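I would like the entire structure built from these sequences, with the hints used as guidance.
Residue numbers (the numbering used here), protein chains in the order written: chain X, 1 to 282; chain G, 1 to 282.
Everything labelled a hint here was simulated from the structure, so no lab data went into it. Computed from a predicted model, the values in this text were never measured in an experiment. Among the clues, some could well be false.
Pairs involving identical chains hold if they fit within one copy or between any two copies, as the list cannot separate such chains.
[Said to hold, decoys possible] Cut-off 27 angstroms, straight-line C-alpha distance, at most; resulting in silico cross-link-like pairs (BS3-like, lysine-lysine):
#1 Lys12 <-> Lys201
#2 Lys260 <-> Lys202
#3 Lys12 <-> Lys260
#4 Lys264 <-> Lys253
#5 Lys260 <-> Lys201
#6 Lys142 <-> Lys168
What follows is each chain in one-letter form.
Number of protein chains: 2
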Amino acid sequence: MPLQYNEYYNEKTGLTIGLKKLLYSKQTDYQLVEVYETDTWGNLMTIDGMVMLSERDEFVYHEMLSHVAMFTHPEPKRVLIIGGGDGGTAREVLKHPSVEWVDMVEIDEAVVEASQLHMPDVGDFENKKLNVLFEDGINFVKNVQNPYDVIIIDGSDPVGPAEGLFEKDFYQLCFDALGDDGVLTTQTESPWVESYHPSMKKVFGALEDIFEISKMYLSFIPLYPAGMWSMGFASKKYDPLSSDVNERIDAHKDILNTLKYYNKDIHTGSFALPNFVSEIIR
Amino acid sequence: MPLQYNEYYNEKTGLTIGLKKLLYSKQTDYQLVEVYETDTWGNLMTIDGMVMLSERDEFVYHEMLSHVAMFTHPEPKRVLIIGGGDGGTAREVLKHPSVEWVDMVEIDEAVVEASQLHMPDVGDFENKKLNVLFEDGINFVKNVQNPYDVIIIDGSDPVGPAEGLFEKDFYQLCFDALGDDGVLTTQTESPWVESYHPSMKKVFGALEDIFEISKMYLSFIPLYPAGMWSMGFASKKYDPLSSDVNERIDAHKDILNTLKYYNKDIHTGSFALPNFVSEIIR
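Here is the structure:
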């Protein structure tokens with residue numbers, strides 16, 4: 001067992017994390033799911049050797065992927081999460097009082113098991129509004145009968161089982177599975193890692209073609225490559241930068257008080273893109 | 001010579017960068033200055049083993065440290081840079097047509113030498129408006145006769161020769177060395193690295209006590225610890241978030257067209273702070 005965890009994202013450039021112990025390791029039909037105890041990041045989940053989340057920094061990713069969508073829609077009742085097996089995105093979604101039902105479609109049961117066993121504070125799996133399904137997310141969206149208000153794509157990197165989550169056909173299926181005023185967010189990799197630029201171009205090109213409104217937004221995630229992480233926002237009707245959204249955020253102090261990253265300024269500020277980032281998807 | 005460069009900022013957590021060759025190494029009276037050729041970041045300068053800049057990512061730090069101050073002041077003519085020996089901050093400052101004179105006070109001649117030899121595109125040392133002085137920045141600000149419009153503190157981490165740049169007395173000297181409408185920016189470390197929180201609290205406490213307006217802002221710097229980097233803004237008169245500043249940015253397309261990170265949205269968005277960051281300096 002290694003004493004350090006290394007993830008290289010750019011030839012020899014990468015992140016090193018001090019490990020104390022391997023807590024969980026399962027090779028499933030889809031991928032290798034592992035959890036390590038680390039020196040200062042709490043427990044860390046990796047899939048096929050890539051960092052998914054640590055207990056210490058997961059709040060950034062989960063708050064930003066969920067609340068940007070959930071506050072943009074005025075009354076999200078039905079939410080679909082594709083992936084998200086660690087439970088963190090569902091936990092944030094379920095903080096919104098309008099929510100009546102959340103379907104979380106995770107392909108790999110081991111991700112949920114690893115989170116429940118070794119990251120007990122990440123998920124809110126006992127919540128009665130949460131329905132966890134173990135199946136392929138792409139197949140699932142093909143057969144949606146009752147449309148969703150919000151869809152959140154919380155998949156891993158565009159290699160292995162999550163590869164299809166970066167294809168245009170998939171985003172068309174998501175569009176069709178959303179109601180007439182539906183909102184979608186999706187994780188779209190680090191702008192600093194050139195090998196992911198083709199996937200980013202593909203996703204943002206698709207969102208622009210398919211949806212009325214589409215934008216990229218950014219957040220700081222220390223354990224993801226280069227610390228800068230992009231997410232995609234797409235919407236049939238609502239603009240995330242409208243004054244309505246700002247008023248809605250202000251009206252939910254009860255949710256905001258539980259958060260460590262997201263707030264009204266961050267909601268707006270996260271859509272500001274450095275020039276070199278805009279150029280990637282232009 | 002190592003094949004990888006490792007900087008640990010949190011027990012065993014840190015960044016690894018692939019190296020090709022050591023290009024420069026000088027132990028001066030102050031510190032060890034080195035430049036490496038890397039795999040994908042261009043040439044990399046380190047001081048006492050800490051990453052200062054790479055040719056590939058230096059634009060973020062230099063654009064954000066300089067333009068936030070330079071666009072907030074309506075007509076910056078006289079600028080003082082404390083540190084900044086690589087020349088990148090002066091390069092950005094000198095893009096502003098109002099600038100008549102820049103004093104750059106770098107304690108260690110080797111930093112300038114290393115940059116000139118191995119990072120020829122970073123500095124603009126031939127510029128006739130740039131006056132480079134090799135002396136202690138703290139002593140220099142004690143004896144300023146002719147006040148500055150903008151002071152930029154571009155020092156290294158709060159260990160070694162840059163330690164005094166995180167003290168309240170130093171910021172009082174800077175206040176005294178600024179004109180009645182002076183503006184200051186300073187680099188203030190990563191909010192994710194707990195060992196730097198005391199220095200951050202000290203600097204922001206000092207700026208709040210001494211200046212009319214003080215704020216933190218953030219940028220994404222991939223080779224700095226955790227990728228999230230904070231900077232301090234302080235001002236006797238001008239608010240960086242006023243509509244005047246926005247109009248001024250719009251009026252300088254000639255400067256904006258040379259930039260890879262900074263733009264009007266980024267100027268405003270960078271002042272949006274995640275909740276956990278605001279709490280560090282509250």
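Hints the structure violates: just list their numbers, smallest first.
none
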